[in-house]
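**Student:** Given chain L's structure and the hints, the job is docking chain W onto it.
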Amino acid sequence: MNAALELGLLYGIMALGVYLTFRILNFPDLTVDGSFTTGAAVAASLIINGVPAPLATLAGAASGAVAGLVTGVLYTKGRIDGLLAGILTMIALWSINLRIMGKSNLPLLREDTMMTPLRDAGLLGGAWSILIFAVAALIIKFAIDWFLSTDLGLSIQATGNNEQMIRSLGVNTHRTTILTLAISNGLVALCGALIAQYQGFADVSMGIGLILVGLASVIVGQAVFGRRTIFLASLAVIGGAVIYRLVIFFALGAGLNPNDMKLISALLVVAALLLPRWGVLKRIPSLHQMRSVTAGSANYSKAN
Amino acid sequence: MLLIQNITKTFFPGTINERVALNDVSLQLKTGDFVTVIGSNGAGKSTLLNMISGKLPIDSGDLSIDGSSVKRMPDYARAAHVGRVFQDPMAGTAPDLSIEQNLALALRRGQRRGLSWGVTHKRRAFFREELLSLELGLENRLKARVGLLSGGQRQALSLLMASFTQPRILLLDEHTAALDPQRAELVTTLTESIVEKHHLTTLMVTHNMEQALRLGNRLIMMHEGQIILDVDSERKATMTVPDLLVEFAKIKGASLDDRALLG
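Top to bottom, those sequences are chains L and W.
For reference, each letter of the first sequence is one residue, going 1 to 304 in the working numbering.
For reference, each letter of the second sequence is one residue, going 1001 to 1263 in the working numbering.
If you are wondering where the hints come from, they were derived from the structure by calculation, not from laboratory data.
These numbers were taken from a predicted model, which means no experiment stands behind them.
One thing to keep in mind: the hints can contain errors.
[Unchecked claim] Okay, derived cross-link-like pairs now, BS3-like style, lysine-lysine, Cα gap no bigger than 25 Å in a straight line: (1) W:K1071 to L:K77; (2) W:K1030 to W:K1055; (3) W:K1030 to W:K1071; (4) W:K1071 to W:K1055; (5) L:K77 to W:K1055; (6) W:K1250 to W:K1236.
[Stated by the list, open to error] What follows is a set of in silico ranges between Cβ atoms, one per label pair, in the way DEER data are often shown: (7) W:D1230 to L:A143: 53 to 63 Å; (8) W:G1147 to L:K262: 32 to 42 Å; (9) L:R228 to W:S1064: 39 to 49 Å; (10) W:N1140 to L:G253: 49 to 59 Å; (11) L:G226 to W:N1140: 16 to 26 Å; (12) L:I80 to W:K1030: 41 to 51 Å; (13) L:A143 to W:K1197: 32 to 42 Å; (14) L:G226 to W:N1017: 47 to 57 Å; (15) L:K77 to W:E1018: 25 to 35 Å; (16) W:E1018 to L:I80: 20 to 30 Å; (17) L:F249 to W:F1011: 51 to 61 Å.
[Claimed, not checked] Chain W side only, calculated, beta carbon under 8 Å to chain L, not exhaustive: (18) D1075; (19) A1079; (20) R1113.
Glycine residues also receive a C-beta, built at the ideal position from the N, C-alpha and C atoms.
Isolated chain L (complex conformation) (with noise of 0.2 Å):
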């Protein structure tokens, strides 16, 4: 329990990222399931390499942000579809990353970590450590939040809202955009070197099927703690992405194995996706209300 608790909490920062394209940027982004990985790669690369780990935790980070760039300058300055940029990037990256840990599993369990003194001093899996991790947590969401309300953050969410209109008011959209996602994936990606140093070992396939963690953070959180405010929002994807450890704790002490955790999460984001039509928990904004205000913005612009 106290397990899935810290890693909800860790898992929270890879849901921010979610939620910065996914919710603000309006981007359904699959770099994700690359980046993540990528960012557990590197730092782990370069811890094995004697590296000090926060440095190495800092790398990892900074080589998911590359990845969300790539994306990003594919979608814009490319002109391809957003699915798809991610999808190219997230692929290209399952190579990548083979190349930067050079084996598909690179253990830790002898190395320097930053989870080392939590470990060494017997914290792990006690209430000092869920505090400590959940302190990170929230210092990342007040970062978003201050973020997002700044001028540079208010033309970002005005991009994933109203593109004609702040391009109208002289922002370039195109480096909003990149800048968001490198943003999130950056995220994600510092999540994935965190998740590795827990853990004790980076695997090639650790970040299959990812997106789907943070779509099921990000929907589950807003539809059980709320959305009316920057604040609130950012605050209930980490709520989410706790939720959905706490499920997947159950659904295991059920008697499931890992391999049908997979399962759990997809199912988990169908129900959280059909159930606001079907009057259950009306806050979940579907995703058929999402497409048809996009697609509702997309028929004006061809009208003029």
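**Tutor:** Chain W alone, transformed into the frame defined by chain L:
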């Protein structure tokens, strides 16, 4: 101020759908000019505005603002000089952001957007004052989501956002056409007072001949991608809607379509 020289724009060139939207159009606006543009559907009015705002590239010809060519400037860069209100009341504002956040976005038109707070106390006081001039009570709803406002309120807000930083050119693209008569009248009156207050060089497309005659100091009529009539302020002051229709029939030997007649 605004100089348009021999602009041509053809849609779908080389296909059977080829359509010349603008055919060798030239137009010069002096600082403070308020020009209304009328014409039937497909006359090229909206295309002209899209050329000026940079939303669509120009095929040939040149376009300059304050003496420097902006032909190759992308739309977001041109936005530093050009404010615009769209026909769709939903198009000019971000529905999920609050009134004050929308205004903060508009306040930074053409300037670098960095990491300073978007909405400060000082800015908020300024927004309140500006909103007061709309007389819609929006100054008391700074934190309300714009999506909650009515079409008329959103259009009034769009108008404020397009104009309060005093861009060199203000483009109004049938911005009252989608509103009910009362709201349209309100936005028309606001347009008049805002343009006058800031002495904005304005180009307003409208389907409404009465409105076109009432506002501004110059009127141009477009037809099939060309400017066919240019009325100066002296003549415009005495002109009536029937006069305009007669002029149109005289030049083209055709009558305007129903929508323009009814407007």
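**Student:** If a hint holds in the structure, say so; if it doesn't, say that too.
**Tutor:** How the hints compare with the structure:
The hinted pair formed by K1071 (chain W) and K77 (chain L) meets the criterion: a straight-line CA distance of about 20 Å does not exceed 25 Å. At roughly 23 Å between alpha-carbon atoms, K1030 (chain W) and K1055 (chain W) fall within 25 Å of each other, so this suggested pair holds. A C-alpha spacing of about 19 Å is found between K1030 (chain W) and K1071 (chain W), which places the hinted pair at or below 25 Å, so the restraint holds. A distance of roughly 11 Å separates the Cα atoms of K1071 (chain W) and K1055 (chain W); the hinted pair therefore holds under the 25 Å criterion.
At most 25 Å may separate the alpha-carbon atoms for a hinted pair to count; K77 (chain L) and K1055 (chain W) meet this at roughly 17 Å. About 17 Å separates the Cα atoms of K1250 (chain W) and K1236 (chain W), which keeps this hinted pair within 25 Å; it holds. Separated by about 57 Å at the C-beta atoms, D1230 (chain W) and A143 (chain L) satisfy the suggested range of 53 to 63 Å. As the Cβ distance of G1147 (chain W) to K262 (chain L) is approximately 36 Å, the hint placing it in 32 to 42 Å holds.
Separated by about 47 Å at the C-beta atoms, R228 (chain L) and S1064 (chain W) satisfy the suggested range of 39 to 49 Å. At about 53 Å, the beta-carbon gap between N1140 (chain W) and G253 (chain L) stays in the expected band of 49 to 59 Å. For G226 (chain L) and N1140 (chain W), the Cβ-Cβ distance of about 25 Å falls inside the hinted range of 16 to 26 Å, so the restraint holds. Distance hint for I80 (chain L) and K1030 (chain W): a CB-CB separation of about 45 Å, consistent with the stated range 41 to 51 Å.
Distance hint check for A143 (chain L) and K1197 (chain W): the Cβ-Cβ separation is about 41 Å, which falls inside the suggested range of 32 to 42 Å. Evaluation of the 47 to 57 Å hint for G226 (chain L) and N1017 (chain W) yields a pass: the beta carbon distance comes to about 49 Å. Checked against the hint of 25 to 35 Å, the pair K77 (chain L) and E1018 (chain W) passes, with Cβ atoms roughly 29 Å apart. A C-beta distance of roughly 29 Å is found between E1018 (chain W) and I80 (chain L), which places it inside the suggested range of 20 to 30 Å.
For F249 (chain L) paired with F1011 (chain W), a C-beta distance near 59 Å keeps the hint of 51 to 61 Å intact. Annotation: interface hint on D1075 (chain W) holds; nearest CB of chain L at approximately 6 Å, less than 8 Å. Below 8 Å, beta-carbon pairs count as interface contacts, and A1079 (chain W) has one with chain L at about 4 Å; its hint therefore holds. For R1113 (chain W), the interface hint holds, the least distance from its beta-carbon to any beta-carbon of chain L being 4 Å, beneath 8 Å.
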